[in-house]
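Student: These protein sequence lines are chains Y and S, in that order.
When we follow the numbering used here, the leftmost residue of the first sequence carries the number 1, and every step to the right adds one.
When we follow the numbering used here, the leftmost residue of the second sequence carries the number 885, and every step to the right adds one.
Calculated directly from the structure, the hints in this document are not laboratory data.
Using N, Cα and C, we set each Cβ at its ideal position, and we do this for glycine too.
Errors might be hidden in some of the hints.
Ranges between beta-carbon positions, derived for each pair [claimed, not checked]:
1. S:Glu976 with Y:Gln34: 51 to 61 Å
2. Y:Leu786 with S:Asp943: 23 to 33 Å
3. S:Arg908 with Y:Glu21: 15 to 25 Å
4. Y:Glu21 with S:Thr983: 16 to 26 Å
5. S:Glu949 with Y:Ala117: 49 to 59 Å
6. Y:Ala450 with S:Arg957: 21 to 31 Å
7. Y:Arg497 with S:Glu976: 57 to 67 Å
8. S:Asp943 with Y:Pro38: 12 to 22 Å
9. Y:Gln34 with S:Ala973: 56 to 66 Å
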Amino acid sequence: MSLSSRLANAFRPDRLNRDIEEELASHLEEAIEQGRDPVEARRAMGRTAQHQQQSHDIHVIAWLESLRNDLIFGWRQLKAHKITSLAAILSLALAIGACTSAFRLIDALFLRPLPVAHADRLYVLSRKGIGFDNNPGEWNSWAYPLFQQMRDAAKDQADLIAVSYVDRTDITYKTDQEMEKANLQYVSGSMFDIFGLHPALGRLLTANDDRTPGAAPYAVISYDYWTRRFARDPHVIGRMVRIGDDIFQIVGVSEKKFTGTEPGTFIDIFVPTMMYRAVNRSDTTWISTLVVLQPGVATEPLRLKLAAISHAFEANRLKGETGLSQETLKNVLSNEFLMTPAPNGASGMQRTYGQALAALGALVLMVLLIACANVANLMTAQAAARAREMALRVSIGAGRRRLVQMVLVESGILALLASIGGALFAWWSAPFVISLINPPDFPLRLALPADWRVLAFGITVTMGVVLLFGLLPALRASSVQPASVLKGGDDPHSRRRVMQTMVAAQVAFCFLVLFIAGLFVATFQRLSNQPLGFSPDRLLVLTTTSRHAQPQVYWDQIADHLRAMPGVERVAQSGWELMSGSSWNDSISLNGGSPSTDLAYFLSISPGWLDTMKIPLLAGRDFRNSDAYPNVAIVNQTFARKFLNDEHPVGRFFEKASDHGTRDRMQVLGVVPDSYYSDVHSPILPVVYVPLHYIDASGRMLPLDKETFIVRTTSSNPLALASTLRQEVPRVRAEFHVSNIRTQQKIDQAQTVRERLLAMLAFFFGAVALLLAAIGLYGVLNYSLLQRERELGIRLALGARAAHIARQVTTGIVSAVLLGGVIGASLGAVSTRWIASLLYQVKPTDPAMLLLPAIIILASAALAAVPAVLRALHIDPAAMLRAE
Amino acid sequence: MPKLDTLQGSLDLLVLKILSRRPRTHGYAIMAAIQETSGDVLRAEEGSLYPALRRMEEDGWIRAEWITKDNGRRARIYELTAAGKKQLAAEESRWQAVTSAVNRILRTV
């Protein structure tokens with residue numbers, strides 16, 4: 001008999017019963033016909049009902065039918081306890097949803113292979129060691145000529161692909177005044193072919209587009225960009241797009257599934273590497289190198305081969321270098337050459353958010369466990385209330401397995417409902433988290449498909465959850481001893497012990513979550529309260545570009561024009577804004593000595609910039625219009641201490657040793673206090689401010705194609721002026737274009753996006769964990785009170801004191817809470833090793849960090865215990881005993 | 885000699901054997917055949933026979949069919965499947981082995 005008809009039977013028991021009945025009836029008639037005594041024959045058939053039951057049981061998968069009954073019964077049970085069921089479902093939904101959401105993010109960023117051919121054989125090249133800035137690090141950027149050498153050497157064993165950093169750049173399909181932003185990436189023409197990608201429209205780039213510098217001005221746009229920008233207009237093929245000074249023709253649209261090789265960034269426009277201006281320069285590192293191994297090629301010999309080429313290339317390039325110290329040269333040349341598997345691509349977001357996401361994943365897992373413990377306690381308490389029912393079932397012949405199944409089915413319904421809620425939560429929350437880490441003006445986008453991977457994870461979590469919180473109560477229910485229960489003497493202590501263990505576990509996890517949340521919140525607070533050394537209030541930052549370099553007088557004209565606008569207090573210019581992440585560094589030497597190993601960091605500023613930024617002068621004077629690079633400089637205190645021994649720095653000279661061999665001699669005009677240069681996480685850097693006016697060796701003032709205007713507005717909401725200023729700049733000179741306009745505050749906040757995210761989410765989950773643990777605690781207390789109402793009533797009647805009763809009620813719980821707290825604290829001490837790099841000026845060993853969660857938990861425990869204790873004290877012995 | 889319910893474990897063998905001799909037989913006829921052929925010594929209770937038929941049907945040894953008899957009443961008739969024939973052979977030889985072993989013991993001891 002086929003499975004399908006058995007399944008059908010399970011849900012159509014009536015029909016099957018009729019079938020059997022008819023056969024037995026026909027048997028009976030036959031018997032009578034054959035001359036058997038009708039009465040005797042009927043008596044032989046007297047157990048018809050039993051026959052039917054036996055036949056039926058054998059005939060169908062018996063439990064299918066019992067399952068149906070259990071489902072109906074379980075649903076009724078849940079409906080009977082609406083509030084507790086709802087609380088259980090909501091807390092589980094939240095926990096399952098958060099877990100699934102964390103999985104979606106981690107999966108999208110780290111686990112999901114790139115949708116390209118041979119993703120399993122994809123590697124990325126990097127160097128690791130001490131860098132040019134004398135700091136340890138890992139770099140995956142390469143110069144193109146070196147890439148070419150490596151590509152040719154590896155030809156028979158692997159395909160090498162160059163992809164540039166993603167540049168969110170100004171492009172235009174029309175005039176300069178209609179600029180827009182797009183994510184641009186220079187890629188090897190062969191990339192599409194090697195990755196086995198097909199065009200959605202037109203053609204893709206090929207190796208032929210990538211042979212001669214500047215020869216193939218063709219662009220391929222991504223499917224996503226085609227959809228967003230062009231509404232899938234097929235006439236996009238052949239359109240011209242201007243990027244910088246170059247005009248590209250769009251030749252095709254790439255396959256839908258491919259959004260680039262960097263999870264977290266969607267590429268809009270791909271152009272050949274050979275179209276990059278500095279493609280032939282050995283000293284410009286601007287591409288990362290991906291390696292697709294041929295099948296069966298061993299990695300280590302290839303790595304050694306490429307490492308040798310890289311080392312020879314760098315040694316040759318740095319030969320005769322005078323702008324760097326010997327120690328730096330030695331460090332750089334001894335960098336380790338790495339070839340790391342990258343089946344899911346390689347991106348900055350992976351590096352920046354990997355650990356943070358793992359930490360969050362661990363937090364939500366703990367919240368899930370807390371929720372499970374809660375529901376398990378709930379079910380145990382309910383099972384206790386139903387002990388009589390269970391005992392009755394056992395005594396009238398229900399099998400143990402049937403009871404286990406009954407309780408498990410009830411848990412299953414609960415988990416199913418919770419997982420539906422969880423799915424909705426995950427569907428909403430994963431993109432929400434991504435939207436939180438969007439840095440200004442560089443939209444972070446992560447492909448978050450809800451496919452079988454996510455589904456499988458969700459199902460696994462739900463099943464795990466059912467087993468975690470359902471199995472224990474189920475087994476307990478099945479081990480019920482009818483005689484003892486019906487007598488009224490079930491052992492409530494063992495059940496209370498189980499519940500107290502759960503409470504201890506909950507408190508331990510809750511402590512850990514709160515402890516880590518505390519660390520993250522403290523980190524974010526310290527970072528955002530860190531004095532930056534300048535005042536970002538009311539500052540607008542206008543990144544302004546021009547297609548061709550423009551003389552300095554024109555830039556100054558614009559500054560003058562902006563200064564005259566209403567609502568503008570001050571205007572200054574600089575090469576770029578502080579905290580933008582850009583940096584310009586070089587070695588320093590004194591009196592023609594050897595270049596320093598530590599680097600100094602430079603920023604070009606106009607006169608009045610210090611004033612606009614509210615950076616006071618400690619000594620000396622500000623620049624004047626007549627001052628020009630490279631003759632004069634203003635330095636910060638760290639520079640003065642590090643390079644000038646802090647001895648009367650004003651008036652002294654130093655040299656900036658560039659790696660092109662030039663030495664620019666500068667005189668210190670002034671000293672300013674320290675301020676952060678590009679990154680608030682790193683220590684204060686030695687900074688040199690130099691005049692924006694730049695005079696080259698032949699005495700000409702250099703024109704610039706990019707400057708940043710810093711505008712201090714009078715209104716407290718600087719953005720109110722943004723669109724006016726954006727329009728005013730091209731009104732002065734039409735060649736100029738405001739590429740970006742942001743507040744300095746926003747730029748500073750972008751530095752702490754990760755910490756804010758961690759603090760916010762950790763705080764949220766901390767609160768959830770606390771709430772769940774408190775509910776759990778309250779539930780357990782309430783249960784144990786119910787169990788002991790009789791006993792307490794008698795004690796009260798015999799004159800027990802209030803304090804004694806309170807102790808009676810809470811004693812087990814208090815020890816559970818304390819035990820959980822101690823376990824949580826030790827877990828916390830261990831865990832900090834993993835998250836140390838996410839913390840800033842926060843010591844996990846700080847007693848305050850441990851004390852805070854302890855106080856919070858004890859306070860909530862006390863709060864949760866109050867109702868139970870009050871109730872215990874208000875038991876009316878007379879009423880209670882009467883009720884019995 | 886009291887009438888025995890069929891020997892433990894032998895009901896399947898008997899049913900299969902009867903069906904191999906007389907295919908397309910209904911339950912009552914099988915029961916009657918057991919009683920008759922054994923000279924009224926063995927009998928199959930309805931309570932054992934019908935569950936056994938269901939079980940063997942489920943195991944694929946026999947298949948059942950509803951037919952309408954001459955008198956217009958419906959009856960469920962059974963016949964052996966190929967698997968049932970194999971099973972019969974196996975049961976038969978097992979039975980032979982067991983009974984001869986038992987006989988040997990009865991003779992020697």
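Student: All hints, please: hold or fail.
Tutor: Checked hints:
1. In this structure the hint that Glu976 of chain S and Gln34 of chain Y lie 51 to 61 Å apart at CB is violated, the actual value being about 28 Å.
2. Between Leu786 of chain Y and Asp943 of chain S the CB atoms are about 52 Å apart, so this pair departs from the stated range of 23 to 33 Å.
3. Checked against the given bound of 15 to 25 Å, the beta carbons of Arg908 of chain S and Glu21 of chain Y, roughly 22 Å apart, stay inside it.
4. Look at Glu21 of chain Y against Thr983 of chain S: about 38 Å separates their beta carbons, and that is not inside 16 to 26 Å.
5. Remark: the range hint 49 to 59 Å for Glu949 of chain S to Ala117 of chain Y is upheld by a beta-carbon distance near 57 Å.
6. Checked against the hint of 21 to 31 Å, the pair Ala450 of chain Y and Arg957 of chain S fails, with Cβ atoms roughly 59 Å apart.
7. Separation of Arg497 of chain Y from Glu976 of chain S is about 60 Å and conforms to the stated range, judged on CB atoms against 57 to 67 Å.
8. The hinted window of 12 to 22 Å between Asp943 of chain S and Pro38 of chain Y is violated, with their beta carbons roughly 34 Å apart.
9. Our hint of 56 to 66 Å for Gln34 of chain Y and Ala973 of chain S is violated, since their Cβ atoms are close to 31 Å apart.
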